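Throughout the sequence shown, residue numbering follows full-length UniProt numbering, covering 1 to 393 in sequence.
Hints listed in this document are in silico derivations from the structure and should not be mistaken for laboratory results.
Note that the structure is a prediction, hence the values are computed from the model and not measured.
A hint or two may mislead.
Simulated pairs of lysine-lysine, DSS-like, Cα-Cα distance not exceeding 30 Å [claimed, not checked]:
#1 K274 x K179
#2 K201 x K274
#3 K274 x K111
#4 K32 x K376
#5 K201 x K111
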Amino acid sequence: MTTAEMPSENPASARGGGSKEKDFRFYDNRQKYLMFVTTCSEKLIIGERIARELHGIAPRPPALRFFDAGTGDGTVLARALRSMHRRFQRVPFYVAGKEISLEDVRLTLEKMPDRLLEHPETVLALTNISYADAPWLQPANPLAASRMRWQELALEGETSAEFEQQILQLQPFLSENWKTHVGRSGGLVPETPATLVIYRKDRRFLLHDVIPQQGRPVADFDLILASQPFRLRAPTEFKARRVLAPLARALGPGGRLLGIHSAGADPGLEIVQKVWPGENPFIASRRDLLDATRDALNEEAERFVFEPLTEEASVFRYRMHTMPDEIDSAASSIGTSTLLAAWNAATYVAQIEDDRLGKAMSRSDYLEATRAVLSKHGELWFNDESYVIARRD
Numbered sequence: 001m002t003t004a005e006m007p008s009e010n011p012a013s014a015r016g017g018g019s020k021e022k023d024f025r026f027y028d029n030r031q032k033y034l035m036f037v038t039t040c041s042e043k044l045i046i047g048e049r050i051a052r053e054l055h056g057i058a059p060r061p062p063a064l065r066f067f068d069a070g071t072g073d074g075t076v077l078a079r080a081l082r083s084m085h086r087r088f089q090r091v092p093f094y095v096a097g098k099e100i101s102l103e104d105v106r107l108t109l110e111k112m113p114d115r116l117l118e119h120p121e122t123v124l125a126l127t128n129i130s131y132a133d134a135p136w137l138q139p140a141n142p143l144a145a146s147r148m149r150w151q152e153l154a155l156e157g158e159t160s161a162e163f164e165q166q167i168l169q170l171q172p173f174l175s176e177n178w179k180t181h182v183g184r185s186g187g188l189v190p191e192t193p194a195t196l197v198i199y200r201k202d203r204r205f206l207l208h209d210v211i212p213q214q215g216r217p218v219a220d221f222d223l224i225l226a227s228q229p230f231r232l233r234a235p236t237e238f239k240a241r242r243v244l245a246p247l248a249r250a251l252g253p254g255g256r257l258l259g260i261h262s263a264g265a266d267p268g269l270e271i272v273q274k275v276w277p278g279e280n281p282f283i284a285s286r287r288d289l290l291d292a293t294r295d296a297l298n299e300e301a302e303r304f305v306f307e308p309l310t311e312e313a314s315v316f317r318y319r320m321h322t323m324p325d326e327i328d329s330a331a332s333s334i335g336t337s338t339l340l341a342a343w344n345a346a347t348y349v350a351q352i353e354d355d356r357l358g359k360a361m362s363r364s365d366y367l368e369a370t371r372a373v374l375s376k377h378g379e380l381w382f383n384d385e386s387y388v389i390a391r392r393d
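Using the sequences and the hints given, assemble the complete structure.
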């Protein structure tokens, strides 16, 4: 699969399979995204889930290899790097991530100077190409590969402030090469395939066999994170064939892919269903996805173990942050700002389209629905479920 073949290129926009929603790119709405990230604890909980997964891997020389299939604003990646350092303090890291959003790449890079200071033997690579190609940092399409813009930055100095100054100087490269346009199917695709590689110059000798080289693709990841990498309503076969199967192929021997997606059956869905009765975007369970991925891999499936996990191990809950007395049984005491944050989180997780949101918000019913659910539960929480695809040794 090449970029041109991807109906919707980005983990923040790969959401559909040719329907009336094809022009809808929910996660590209920065206001909704940033409000959700700052008001809810999902990224914290996912970071904790990754930390547990590190106990199941045994990295092989020359480095622990981690791939983030959609870095977003870099919050989860930064948490993962902290946990990796805690468990593998003397092991070099090769950390790669796919992200098509220029703004998210900037936010991710803002979090990296401290990580490179704490764990000097780190190589970071970011790319904007498709799921099928991103783990290898090289488009399979020869024409796209010939157009790849490859930027390598060897950081000088010994302080995070020095690293930050040099990373900020990458802005012209990012502005020029992380541009996107709307593809034929309505999804965002990169105008130019691009890859950015960053490491510390004073560790270049030690990292010689870890630093990726253009035109010499290597994946073989010990751990891959695929958190919310597709639109909930996309066909299950699409999710498996275009996202999960390619990522599974990027695992090295003994490697593990941790998949995470929204599961519903929570107060967030209650809010949505009060406004849109019968609405349920959570159409594919983790078992459905694993079965479809097994089918997509065909004969290759024998190389993998598909682990749906138990309910206790798979399902986890995250919450919207509130003050202790912000929500109580007296419905009228819930402030408008809290109601709006809860409404945004509920509709963000359910991936409600902007046109339906606009119609719903033209009346006050949505605030009353949100107030009723918050008063009923005393808080707002959401359920995610996780699963693992492990490559056999």
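Evaluation of the provided hints:
1. Proximity of K274 to K179 is assessed by CA-CA distance (about 39 Å); at most 30 Å being required, the pair is judged violated.
2. At roughly 56 Å between alpha-carbon atoms, K201 and K274 are farther apart than 30 Å, so this suggested pair is violated.
3. For the suggested pair K274 and K111, the alpha carbons sit about 39 Å apart, so the restraint of at most 30 Å is broken.
4. Simply put, K32 and K376 have alpha-carbon atoms about 25 Å apart, close enough for the 30 Å limit, and the pair holds.
5. Pair hint K201 plus K111 holds up; C-alpha atoms about 19 Å apart against a cutoff of 30 Å.
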